[in-house]
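Student: Here's the letter readout for the chains.
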Amino acid sequence: MRFMLYDLKRMFSGKALVIMLLISPLAVIMMFSVIFAPMLYTAKGLHFKLAVCDEDGSAPVREFINQLVNSQALAELVAVYPVPTTDLGRQLVESNDVSILVHIPEGLFEDMRAGKPVEITIFSKSAHALEAELITMTLESSLYAVGKAQNLMESAKDFLVKKDIASEAAEEFLSEATKKAISEYMERREILGKSGTVSPMGEYMPVEYYLSAVFSLFAALAMLPVIHYTAADCSGAILRRGLVCGQGSLRFYIVRLVSGMLLVFLVQVMLFPSSLLLGAAGSLLGGSYSTRPAATIAVMLLSSLCFSSLAIVISTWIPAERPALWTGFFLVLFMAVAGGALIPAGALPLWAETIGKWLPLRISMRALSLSLFNYNRGLFMREALRLAAFCVVLLPAGFLGLHGRGRGA
Amino acid sequence: MLSAEGIVRRYGSTAVLHGITFSLEQGESLGLFGPNGSGKSTLLDILALAARPDGGTVRMDGIKAGSYAAKLRRHIGYAPQEIALFEELTVRENLLCWSRLPSREAGRKALETASSLNLTDLLGKRVGALSGGMKRRVNLAVALLSDPELLVLDEPFAGVDAEHTDCMLELLIEKKRLGVTQILSGHSPEALLPLISRVMVLSAGRTVFFGDTASFLDQAEDGNAGRALKKVLGSAK
Numbered sequence: 001m002r003f004m005l006y007d008l009k010r011m012f013s014g015k016a017l018v019i020m021l022l023i024s025p026l027a028v029i030m031m032f033s034v035i036f037a038p039m040l041y042t043a044k045g046l047h048f049k050l051a052v053c054d055e056d057g058s059a060p061v062r063e064f065i066n067q068l069v070n071s072q073a074l075a076e077l078v079a080v081y082p083v084p085t086t087d088l089g090r091q092l093v094e095s096n097d098v099s100i101l102v103h104i105p106e107g108l109f110e111d112m113r114a115g116k117p118v119e120i121t122i123f124s125k126s127a128h129a130l131e132a133e134l135i136t137m138t139l140e141s142s143l144y145a146v147g148k149a150q151n152l153m154e155s156a157k158d159f160l161v162k163k164d165i166a167s168e169a170a171e172e173f174l175s176e177a178t179k180k181a182i183s184e185y186m187e188r189r190e191i192l193g194k195s196g197t198v199s200p201m202g203e204y205m206p207v208e209y210y211l212s213a214v215f216s217l218f219a220a221l222a223m224l225p226v227i228h229y230t231a232a233d234c235s236g237a238i239l240r241r242g243l244v245c246g247q248g249s250l251r252f253y254i255v256r257l258v259s260g261m262l263l264v265f266l267v268q269v270m271l272f273p274s275s276l277l278l279g280a281a282g283s284l285l286g287g288s289y290s291t292r293p294a295a296t297i298a299v300m301l302l303s304s305l306c307f308s309s310l311a312i313v314i315s316t317w318i319p320a321e322r323p324a325l326w327t328g329f330f331l332v333l334f335m336a337v338a339g340g341a342l343i344p345a346g347a348l349p350l351w352a353e354t355i356g357k358w359l360p361l362r363i364s365m366r367a368l369s370l371s372l373f374n375y376n377r378g379l380f381m382r383e384a385l386r387l388a389a390f391c392v393v394l395l396p397a398g399f400l401g402l403h404g405r406g407r408g409a
Numbered sequence: 001m002l003s004a005e006g007i008v009r010r011y012g013s014t015a016v017l018h019g020i021t022f023s024l025e026q027g028e029s030l031g032l033f034g035p036n037g038s039g040k041s042t043l044l045d046i047l048a049l050a051a052r053p054d055g056g057t058v059r060m061d062g063i064k065a066g067s068y069a070a071k072l073r074r075h076i077g078y079a080p081q082e083i084a085l086f087e088e089l090t091v092r093e094n095l096l097c098w099s100r101l102p103s104r105e106a107g108r109k110a111l112e113t114a115s116s117l118n119l120t121d122l123l124g125k126r127v128g129a130l131s132g133g134m135k136r137r138v139n140l141a142v143a144l145l146s147d148p149e150l151l152v153l154d155e156p157f158a159g160v161d162a163e164h165t166d167c168m169l170e171l172l173i174e175k176k177r178l179g180v181t182q183i184l185s186g187h188s189p190e191a192l193l194p195l196i197s198r199v200m201v202l203s204a205g206r207t208v209f210f211g212d213t214a215s216f217l218d219q220a221e222d223g224n225a226g227r228a229l230k231k232v233l234g235s236a237k
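Read top to bottom, the protein sequences are chains A and B.
Heads up: the first sequence at position 356 corresponds to 356 in this note's numbering, and the numbers run straight through without jumps.
Heads up: the second sequence at position 77 corresponds to 77 in this note's numbering, and the numbers run straight through without jumps.
Careful, some of the hints might be misleading.
In silico DSSO-like links for lysine-lysine, alpha-carbon gap of 30 Å or less [stated by the list, open to error]:
no.: 1; chain 1: B; residue 1: 230; chain 2: B; residue 2: 176
no.: 2; chain 1: B; residue 1: 64; chain 2: B; residue 2: 176
no.: 3; chain 1: A; residue 1: 157; chain 2: A; residue 2: 125
no.: 4; chain 1: A; residue 1: 116; chain 2: A; residue 2: 157
no.: 5; chain 1: A; residue 1: 9; chain 2: B; residue 2: 109
no.: 6; chain 1: B; residue 1: 231; chain 2: A; residue 2: 9
no.: 7; chain 1: A; residue 1: 116; chain 2: A; residue 2: 180
no.: 8; chain 1: A; residue 1: 15; chain 2: B; residue 2: 125
no.: 9; chain 1: B; residue 1: 109; chain 2: B; residue 2: 125
no.: 10; chain 1: B; residue 1: 125; chain 2: A; residue 2: 9
no.: 11; chain 1: A; residue 1: 49; chain 2: A; residue 2: 179
no.: 12; chain 1: A; residue 1: 148; chain 2: A; residue 2: 179
In case anyone wonders, no lab produced these hints; they're calculated from the structure.
Please model the entire structure based on the sequences and the hints provided.
Tutor: Quick look at the structure:
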């Protein structure tokens, strides 16, 4: 017990390490509250009414509004009401019947086609500043995307005309293509799946995925101090002294495994209050998160055990400290990339995505995500068993490595 | 008390110890000398039961090490050549950490050992902040914690100033008087002469001399220990 306490003291003796442990969860909380939380509320809890006054009246803008009004994807986020005049829209805002009025001025679409700057006005009361901000950001990015798409389609139409296609047919192509593009843009949720989240940037961003990715990445990075201490102890005389002083390979292994676990666990510990907050916020705001704090703790323990034993395997099977540290660092980097913690898995090449599915970082991310957001017993157990399977392989491998180093001393 | 029979140790295909055989009675002190790479540290690791030989046996009080190694280690104090201390911890914490004794007794023993090596003032200091000589003294202190019957010390005085070398030497002579068997290695035999009763000289993993101190000094015409070592090593070539 005394040996374990001193090993823990050693593990936490580095000021930089302790600061990293304290700061990284705080940084994550900041990210969570400033960026992710609005996304969550936008997607799951915040529901508001929006009036649109379309003075432009062009077919594509009408189509855009039509899609907004009837969109299944936005149904749980916003209810859109077309209004004939801005005065009526303002009255609705004043009487709190709608949160925001969006005014689309006359000639907007023609100006866009002509490459002129366009302006959409938003009216709201200060009580609805958040919604106004979200809609502003969404419209900005939407206009940017629509404008770009419009330019491309205009070029395609010009190309058709140059190739002696009748201008009526080219116009029809432009109209159909615009309609289709708007439809595709508005139905991104269906393309990305129901769990996708609308962010203020107007993009679908699965925040559930990124929250678990950040914590899993930090957990994997916490392997580095464990590798450092274990490799240093194995390559020096510590292991030999340990043997003579009664701290044999098995005891040494258990002590280091537990210290490493605690270090990795502490990095992830902020996930637990996050889990409780998500559950509470979901209930308050009418969200539908299926959060299981017990499952979160279970997966935190399993991933701590997995990363701690992986660190011991690396530091005992690689003969010197520096190569062991570099190996650990590049392994974390590889797991972060191929596992989808840095780049969304969907954007990875197929081979990387396939390998990534079998990396502990990805499995830990999936399990955390399930326990925090969409708990499904079957899916969660599958991921938890995968992590356990990693532990079953890594635990004896680490012990054999340490034992071998002791024998070879 | 201690006997080694045909100790062989290989690193890969290279043998670094070729059938070392000797025995020591209780209370005897053996000085182990030889040039760099002669196999001194490897032999000490094996004698301290911190490493297994590839061939041969080590016995303590007639008991063959091997399956009894864990029990026999309780009677051994070992100070390896490298400083085997936790640099992040204080001297006191290192002494407590490596002690086999229960907490209260370990604290008392740590204080007693530190005092015998003039380390009391350093107890609260982090080992990483100590000089090489100070670390060497703490390294020895850890080996003395369990009141061992056999002390295996690999270059115990390296980097220690003259004043503290004398202090360490006095302590080890006292241990010898109390019947503690000791094996010490070094490059220069002069410093160890007041302590040792036997000398072993290794060259390329082979014993080139094993005998009492007097017969070792007889190797040199003027009885100088350094010249005796040179002569022994020279005749081995």
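Student: Check whether the Cα positions of residue 15 of chain A and residue 125 of chain B lie no farther apart than 30 Å.
Tutor: Given pair residue 15 of chain A, residue 125 of chain B holds - Cα atoms ~17 Å apart, limit 30 Å.
Student: Please work out if residue 109 of chain B and residue 125 of chain B have their alpha carbons no farther apart than 30 Å.
Tutor: Since the Cα atoms of residue 109 of chain B and residue 125 of chain B sit roughly 18 Å apart, the hinted pair holds (cutoff 30 Å).
Student: Would the hint linking residue 116 of chain A and residue 180 of chain A be met if the CA-CA limit is 30 Å?
Tutor: holds, 23 Å
Student: Under the criterion that the straight-line Cα-Cα distance not exceed 30 Å, is the pair residue 64 of chain B, residue 176 of chain B satisfied?
Tutor: Distance ~24 Å between residue 64 of chain B and residue 176 of chain B Cα, so the pair holds.
Student: Are residue 231 of chain B and residue 9 of chain A close enough, with their CA atoms no more than 30 Å apart?
Tutor: violated, 51 Å
Student: Please verify whether residue 125 of chain B and residue 9 of chain A have alpha carbons no more than 30 Å apart.
Tutor: holds, 15 Å
Student: Can the restraint linking residue 230 of chain B and residue 176 of chain B be considered satisfied, given a maximum Cα separation of 30 Å?
Tutor: holds, 27 Å
Student: Holds or violated: are the alpha carbons of residue 9 of chain A and residue 109 of chain B at most 30 Å from each other?
Tutor: Roughly 22 Å between the alpha carbons, so the hint for residue 9 of chain A and residue 109 of chain B holds.
Student: Holds or violated: are the alpha carbons of residue 148 of chain A and residue 179 of chain A at most 30 Å from each other?
Tutor: Answer holds: residue 148 of chain A to residue 179 of chain A is near 15 Å, not above 30 Å.
Student: Next pair to validate is residue 116 of chain A with residue 157 of chain A; report whether the Cα-Cα distance is within 30 Å.
Tutor: holds, 19 Å
Student: Within 30 Å, alpha carbon to alpha carbon, are residue 49 of chain A and residue 179 of chain A?
Tutor: Holds, because 24 Å separates the two Cα atoms, which is no more than 30 Å.
Student: Tell me if the straight-line CA distance from residue 157 of chain A to residue 125 of chain A falls inside 30 Å.
Tutor: Distance of about 42 Å is beyond 30 Å: violated.
In terms of the numbered hints stated before, the structure departs from hints 3, 6, listed from lowest to highest.
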